[in-house]
Every structure is written in structure tokens, then in C-alpha cells.
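*Asks:* Mind docking these for me? Both chains are given alone in their own frames, and the hints should help you get the complex.
Protein chains in written order, with my numbering: chain A, 1 to 497; chain B, 1001 to 1123.
Treat the hints as calculated values from the structure; they're not laboratory data. Mixed in with the good hints, there may be bad ones.
What the hints assert, rightly or not - Here are some of the chain A residues that sit facing chain B, going by a computed Cβ distance under 10 Å:
no., residue
1, Pro41
2, Ile42
3, Leu223
4, Phe230
5, Met298
6, Ile299
7, Thr303
8, Leu415
9, Gly418
Beta carbons: idealized from backbone N, C-alpha and C, even for Gly.
So the chains spell out like this:
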Amino acid sequence: MNEFIPLMVIIPIVCALLLNLLHKKDNSTKIIAIIVAIIVPIIPLIANYGLHYFGGHAPLIANSTLLSSLPAEIANSTLASFHPAITYSFEAFQKLFIFILGIVAFFAIFTSLSETKRTSGPLMFLMFMGIAAVTAILLTDDIFHMYVFFEIAALAQTGIILTSNTEDNYETALKYLIVGSIGGPLLLLGIGFVLGVFGSVNITDIVYSISNGIVDPLSPTVLLAFGLIFFGWLYASGLPPFHTIKSSIYSKALPHSAALLQGFTVITFIAIGIVIFRIFSYLPYFKTLIIIFSLLAMILGITMAIMQTDFRRMLGFLAVGELGYIGLGFGLGTHLSITAGLFQAANEIIITALLFIGFGTVMYLTNTSNTNKLGGLLSVNPKLAIMVLIGGFAMAGVPPLNGFQSKLMIIQASLDSGFPEISIIAILVSIATFMTFVKAFHSVYLKPKPKDLKLVNSSVPKPAIISIAILLLICIILGIFPQIATDPISQFVGGLI
Amino acid sequence: MASDDNSNNDLGDNLYSKIVNSFKGIKEKIANDSTTNESVSSALAAELTLISSILIAAIMLRHINIILTVIVVLGLGLFLITNMPLIPTLKREQSDSLEKMIFYIILTLGILITVIYWGFTHV
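In isolation and in its complexed conformation, chain B is listed as follows (with noise of 0.2 Å):
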């Protein structure tokens, strides 16, 4: 019983030790510029909500397949927090790099045209 308490605690402090740390991590990965408690923080916030949005928006799925639901949710919180943090990652890929932006224009093109031509014609 006492074993199992310990491997609990064990799991639970390693989860929030990770997510601790991640946070920790964010100092050295935001911004070239000085960082702040305001910086810190607001990178923090911003951190919670992507992931807790992604998370609900995952929910919607539902509509679709519960089981799907569930294994999808679980999978993406699983790899949102293991890859914790995303912001700076984030941040980096919104920049105003003219090949960043083109490249993801392009994606979302290719993506949207084989979506709509064959995912309607052929499902």
C-alpha cells in the first residue's frame, strides 16, 4: 500500500516536476531582449492557454467518434505537455520571415485544396 502511495507521489511529482521545469525552461528560450517577470509570466499564460484551447477545441471531435475523442485527447495532452514548452517554438515560427510565412501559406493551400477537391469528391 505504502509502495503504491510512493510510486503515486513518484509519478505526480515527476508530471509537475516536468511541467516546473518546462516553465524554468521558458526563461532561456523566450526573446532576445531582456526578460522580465512581466515576460515570464505572460509567456506562462499564453503557454496555458494554448495548450488548454487545443485541448477543448480536441473535444469537439466527439461529434465525430467518442473513443476517437478519447484517444485523440489523451494523445495530444500527452504530447502538448511532454514537449512543453511550445511558445517560444511558437513564437519563433510566427515571426515575420518572409520564407516562414510563405511556407505556411503554401501548406495551408495544399492542404485546403486536397481537402475540399478530393475529400468531397471521393469520401
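Here chain A stands alone, though its shape is the one from the complex (with noise of 0.2 Å):
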């Protein structure tokens, strides 16, 4: 039923609100926060692809009575194709990401209830907010709704951090803001450039303008239109030079917290690249820009991470840095590269969010994430240890998880458009990942446990082991079985190409 479509933003607004109302009963927070929770990636498995039109306004060539009684001025009109409504495209490929970011929130909050001793209504109210926002940007075909949800779901990460209680977390959630209120403000401008030049806010529309030739596509507004959208863009996915303060909100979250806001950046990344490129790749250069971002991210991203001693700020460093390999896929352009950035946004989403949990589970032992004051943690759960190792391979792209069938596939892609530097540039990061990732394991897992170190907990709470066990599962499945991910991913590229 195309019902479902609308419902899967509204019912976790919804359940916001509620949670904001009844944030001082901790038990109904804690019963409507799991119930939602389990709905949310239920939803895009029973909802059927199709459109939705916000208030029943289909475009007027998709009425042909009306269109019949319409005078003909307006009927062979471009007017009679444009989109008046807000419309929502749900397909395979949205219905793919929708369930993982469900997923991947299902167990944050999963473990943020589990972890936490009083429930927070306010945090909950967040982290569902972030989620409704996040989905509806991945589902409108809108630019201007896009951006409107893209401010709700910042301003729903700022709040995140805010209730984080972690050191410096206010100081980092104002820099938040003040940098947002450069980058935003100039994606806004940007589209209403667009709105300008095309009449339309619709993403369809916009492409159908310049395909029809209708507007002038290298016209001087079209063009500053397209810097101050990629210029959004970098901020909205903290590609450098945003990725600095991407790193800092991280690590400034709760673990379990930062597990859902990496989910936020990468699917808001993937969405407003997606339109980009539908929109402005005809554009000379457009593919190196993307290239060019892209790999200044993987180089600034994984060399930052290397040098970090506080594993929060490492793995914020590393998630930045692999939003890099997306890139690279938009970047390149052509389906097979397409795909498998897609696919290693799809990958990227679950592993982080693994190990921000895993890594998660030592803070919650002992209160600190300094790597230089940490040792020995192998001794209270040697099996949960061994999960959080196997995440980092994946990450790092070791056969036969996911993170190597998308970096493989990245590769050949690479390969096949005559760029092996690129090829050999992800490689080289790929080693320093791994690298990275086993230097960090070394010191909180296998090296001699430090003498002041003292247990705040002495047992890690069930529900982040099963959150981490499940989302390796995922990782596993997904490595050896990846067309369950890149059908569908695939069928979408060949329909944007």
C-alpha cells in the first residue's frame, strides 16, 4: 500500500513528540521508544513501491480527463509535467536504506536504554526527530523539503550532543551551529537559485528542464547555483573542509548516540549527492570536483585517525574518511562505481555503527576513551572482543566481509574508467585503516591492563553484546550474499544514469 510511504516519516515523528510529552514517565518512554523502534525498519518491508503524492496532486499529464479539458496552451505546456505537489518516490533502493538506518537505530537506542540508568526523553525525542528527518530526505523528490529536513535532522544532532554529558560537548555543539550557519544557509541560497532559473523545486522537474533544454544549462546562475548546492553538500556529509567538526561531534556523543549520527550523515550524504548528480552532471568538471573531495577526505580523514589516542575521535576520523569511497563512486560516474559507493554507504552505515557500539561497550566499562589509559580489556569478554576485531577488518576491507566487496568493487570501477591511482590511493588507505583499527584494539583489548584502570562496571550489558552480534551477522551475510544489496542498488543506478 503506497500509504505506508508518508508513514514512514510521520510515525517516528509522531513518536517524538509523544516521548517529548511523557519524557519524565521512564517506563512509557522506554515501552513507545522500543515499540517504534521495532516498527520503524518493519515499515519499508511491507510498503510497495510507487510514488506519493502529498494532498493527491499528481503531475496533469498523469490525469489525462483533465488533462483533456485543460485548454491547450497549458496542455502541451512543460506545465503540464511539472510536479505540483511534494512527492515521494519509494523503490527498492530507498526501501534498502530505510531498513538499515531502521536497523542500525533499532539497536542504538536498544543500547542507549540498556546502558543509561535513568531513560532520557529528550534524547529519545532526538534520535526519532533525526531519524523521520533523515528518512524523508532519502524519499523526496524536493529539493526545498530536502532541505528542510536536512536543517531538522542538524539541528537533532546538535541536540543529540547536547545531552551527551560528555566533556566540551556544549562547545562542540555551538561550533556545530556556527559552521551550519554557513554551510546551510548557502545550500538554501543555492536552491533558490534553482528555483529561479527551472520554477521548480522539484528534482524531476529540474532534469526534465535541462534535458528538454528549456533553460540554459551552463547559464552563469545555474552554475554559482551548482557550487553553493556542492558547497551544502560538503557540509551536510562533513567532506573536508567540514569533516574537522563531522570528527568532533562524534566523539562527542554518547558511543551509542554517535552509532545513529553516522547513519544520519551518511544517508543525508548519499541523498543530496544522488540529486546532484542527477542534476548537475552534465556539468564539465563535475566528476573531478567529487574526485578531488573525495580523496582529500580518505587522505585527511585516515592520517587524522592514525594520530588520535581518544578511539571516539579515531572512529569519527575513520567514518569520515570512508564517506570518501562513497564519493568516489559519484565521482567516477559510471554504474559499476556508482553502485559500489552506494553499496559501501549501505556497508558503512552498519560497520561504523558496530563499532561505535563495540568501542562503546569500553567506555561504558570504564568511563574513559583514552586508548593511552586503557589495556586488558580482553579478560572481561573475550568474545565481544573478537566481534569488535572482526568489525574492524570489515572496515578495513577483509575478505570475505562486506567492506571488501564494496572496496573491491570501488577498485575495479576505478580500474575499468582508467584511473588505477585512484585504485591504488584506496588501498594505501584501506592498509592504514587496518593499521589504525588494530593499533587501537592493541591498546584497549591487548595490552597490559594499566594499574590505576579501574572497572566503573564489571559486565557489559546483554543487549549491546546482541546489538553487536547481530550487526556482525549483518556484516557477514552481506560479504558473502552482497547482490541482496546490490540489485536493488544496481536496478536504481541504472535508472539514474
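*Replies:* Listed below in C-alpha cells is the structure:
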């Protein structure tokens, strides 16, 4: 049923508002949060593919009876094919990503409820608001609607950092808001130029206008709009020069919240990336620009990650660096490369969530994330340590895990496109990722336990272990059967190019 | 012949010792916290990854012009090696300082808009 399409956004919003009202009632908050967190990944599975027009306003061209009753000047004009309503498009691709987001959100909420003594109503409110916003960004075919929900997601992210009670979290949140006050309005300005030139904010209409020569695609206003939207995309996704603040945000949120935050970022990154690709990929140097920023993200992300002594910051930089692989997919611009990039996005959401929750258990046990002060935690829960280790291998691209499959696809795509240099850099960064992860794992789990290290909690809560185990299982399944994800993605990319 | 060998060795020694000395320099320059074997080896790995990735990325200029690529790669290689260690500077520039973040953001915006607007219309 197509009615389920808007419900994917409405249900988390209603839940968020309800949780905000009930935030003082611990048990009610907990029960509602868990129930809705279970519902969120289920809805995309039962919803039918299709389009949803808000208010039922389909384009005139879709209604032949109405079209025939209109004057010829309207019926034969571009107006007839324009979309008057906000349109949501739900296909296998959106299904895959909303499902993955739902799964990660469920485990983040599940772990959060088990690791915190008192359920935080405001945190749950912000998490669900973020989930709703990111789902809307993925579904919508309207660039302004996307911007509105992007800003809601950005505010939810800031709020999540504010609720974390970690050191300097207020300062980081304020910095993110200040940086956002540069990136956000410029993105909006770019969208404003697009509206001015094309007369519509519907992405399909904009693409139609370009491909049918209705507007001059190389006019200075379109070029400026591209520049501003591209810059907004860098801000939204945390590509350089925004990688520092993005990694800082991940490190100031509680690890289970960071698991969700990185999911928000990756989905915003691919959703806006797809929009930019659909509208502006005809521009000369479009692909070069994306490749430059992707390579920068990879190189700066990994070199900074290696240097970190705080594992949360290290994971933050690794997460930002991994975005570069997704960007390379868009930058190379072939069917295989975009499929590989989007597959990498799906994998990254799962793997990084696993690592944040996994290393989050270390923080739960010791109340510190400084690797210099940690050590010998293997004895606390060896099985958990091994699961985290395999998760790290997945991120570095060790076969037969999912990270290996997507990175191999990206390397193949860059070789096919005549850029062996990109393949070499991708391999080099993977090796450095492996080294970074093994170093962190050694510091936390294998090195002798420092004498002054005291355990705040004696054992890891079961929900965290279950979350890590299931996320790892998904990594292994996607590694052995990558076609589960690549088939719907490849089908979607076929329509994109 | 012998003198040639010596001069080659000298050149090799100089370049080699320059690189090794710059690694030693890392130890003093990185972080305010206690320096361990781990942090120095991390800095080394980061340094090598950075230099090799930048040089490999520069080779992509061959799609524009091969002579330009040779000049850029050689120039960049020399510049990077003579300015080692780069990582402490890079780390300092990517700190959480708001001024530095805003500086690089505005710089990127300026370059991006200039390249896209004037680059596309006048090239």
C-alpha cells in the first residue's frame, strides 16, 4: 500500500512528540521507544513501491481526463509535466537504506536504554526526530523539502550532542551550529537560485527542464547554484573542510548515539549526492570536483585517525574517511562505480555503528576513551572483543566481509575508468585503516592492563552484545551474498545514469 | 669514478639522513601528551601515507598533460620531503579551533565558487 510511504516519516515524528510529552515517565518512554524502534525497520518491508503525491496532486500529464479538459496552451506546455505537490518516491533502493537505518536506529536505542540508568526522554525525542528527517531526505523528490528536513536533522544532531554530558559537548555543539550557519544558508541560497531559474524545486522537473533545453544549463546562475549546493553538500556530509567538526561531533556524542549520527550523515550524503548527480552531472569538471574532495576526505581522514589517542575521535575520523570511498563512486560516474559507492554506504552505516557500539562498551566499563589509559580488557569479555575485531576487519576491507566486497567493486570501477591511481590510493588507505584499527584494538584489549585503570561497571549489558552480534552477522551475510544489496542498488543506478 | 661513487653516496646519505632526522623531529613536535613508541610509529605511518597518496594523486594529472605531471610530481615530491615532518603541522591545522575551521571553510567556499563560476564561464 502506498499509504505506508508517508508513514515512514510520520510515525517517528509522532513518536518523537509523544516521547517529549512523556519524558518524565521512565517506563512509558522506554516502552514507546522500543515499540516504535521495532516498527521503523518493518514499514519499508511491507510498503509497496511507488510514488506518493501529498494532497493527491499528481502532475497534470498523469490524469488524461483532466488534461483533455484544459486549454491547449496548458495541456501542451511544460506545466503539464511539472509536479505540483511534494512527491515521495519509494523504490527498492530507498527500501534498503530505510531498512538499514531502522536496524541501526533500533540497536542504538536498544543499547542506549540498557546503558543509561535513567531513560532520557529528550534524547529519544531527538533520535526519532533525526530518523524521521533522514527518512524524508531519502524519500523526497523535492529539493526544498529535502533542505527543511536536512536542517531538522542537523538540529537533532546538535541536540543529541547536548544530551550526552561528555566533556566540552556544549562547545562542540555551538561550533557545529556556527559552522552550520555558514553551510546551511548557502545551501538554501543555491536552492533559491535553482528555483529562480527552473521555476520548480521538484528534482524530476529540474532534470526535465535541463534535458529538454528549457533553460540554459551553463548559465552563470545555474553554475553559481551548483557551487553553493555543492558546498552545502560538503557541509551536510562532513567532507573536507567540514571533516574536523563532523569527527568532533561523533566523539562528543555518547557512542550509541554516535552510531546513529554517522548513519544520519551517510544517508544525507548519498541522498544529496544523488540529487547533485541527477541535476548537475552534465557540467564539465563535475566528476573531477567530487573525486578531489573524496580523495581529500580519505587522505585527511585516515592520517588524522592514525594520530588519535581517543578511540571515539579515531572512529570519527575513520567514518569521515570512509565517506571518501562513497564519493569516489559518484566521482567516477559509471554504473559499477555508483553501485559500488552506494553499497559502500550501506556497509559503512552498519560497520561504523557496530564499532561505535562495540567501543562504546569499553567506555561503559571504564568511563574513559583514552587509549593510553586503557588495556587488558580482553579478559572482561573475550567474545565481544573478537566481534569488535572482526567489525574492524570489515571496515578495513578484509575478505570475506562486506567492506571487502564494496571496496573491491570501487577498485574495479576505478581501474575500468582508467584511473589506476585511485585504486592504489584506495588500497593504501585500506591498509592504513587496518593498521589504525589494529593499533586501537591492541591498546584497548591486548596491552597489559594499567594499574590505575578501574572498572566502573563489571560487565557489558546484554543488549549491547546482542546488537554487536547481529550487526556483525549482517556484515558477514552482506560479505558472502553482496547481491542482496547490490541488486536493488544497481537497478536504481540504472535509472539514474 | 671513485669520486662519482662518493658524491652519489653523499647525496644518498644526505637525503636519507634528512628523512631519518625529520622522523626524529616528529618526536619533539607531536602532541603535548606523553610520547610513546606507538605515537611516533603512528605519526610515521601517517606521514608516509600522506606523502605517498598525494604523489600518487598527482600522477592523475597525466590525463591533462604528461610533461606537467612529471614537473608537478617531482616538484611536489621535493617540496614534501624537504618539509618533513608534515603531520604535526597538519594535526595542528585540523584542531578543534573554531578560527581554523572557519578559515578553511571560507577558503574552500572562495576557491569553489571562483573555480565553478569564472572557471566554467571563461575557460
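*Asks:* Next, verify each hint and record whether it holds.
*Replies:* Hint check:
With 10 Å as the threshold, the beta carbon of Pro41 (chain A) stays out of range of chain B, its nearest partner Cβ sitting at about 35 Å, so the hint is violated. Annotation: Ile42 (chain A) was flagged as interfacial toward chain B, and the flag is violated, the nearest CB pair being 40 Å apart, outside 10 Å. The criterion of a C-beta within 10 Å of any C-beta in chain B is met by Leu223 (chain A), whose closest approach is roughly 5 Å, and the hint holds. Taken as an interface hint, Phe230 (chain A) checks out: its beta carbon lies about 7 Å from the nearest beta carbon of chain B, inside 10 Å.
Among the interface hints, the one on Met298 (chain A) holds; its C-beta lies about 8 Å from the nearest C-beta in chain B, closer than the 10 Å criterion. The closest approach between the C-beta of Ile299 (chain A) and any C-beta of chain B is roughly 5 Å, which is under the 10 Å cut-off, so the hint is satisfied. This hint holds: Thr303 (chain A) has a C-beta 4 Å from the nearest C-beta of chain B, less than the 10 Å allowed. Because the smallest distance between the Cβ of Leu415 (chain A) and any Cβ of chain B comes to about 14 Å, over 10 Å, the interface hint for this residue is violated.
At about 8 Å, the closest approach between the beta carbon of Gly418 (chain A) and any beta carbon in chain B falls short of 10 Å, and the interface hint on this residue holds.
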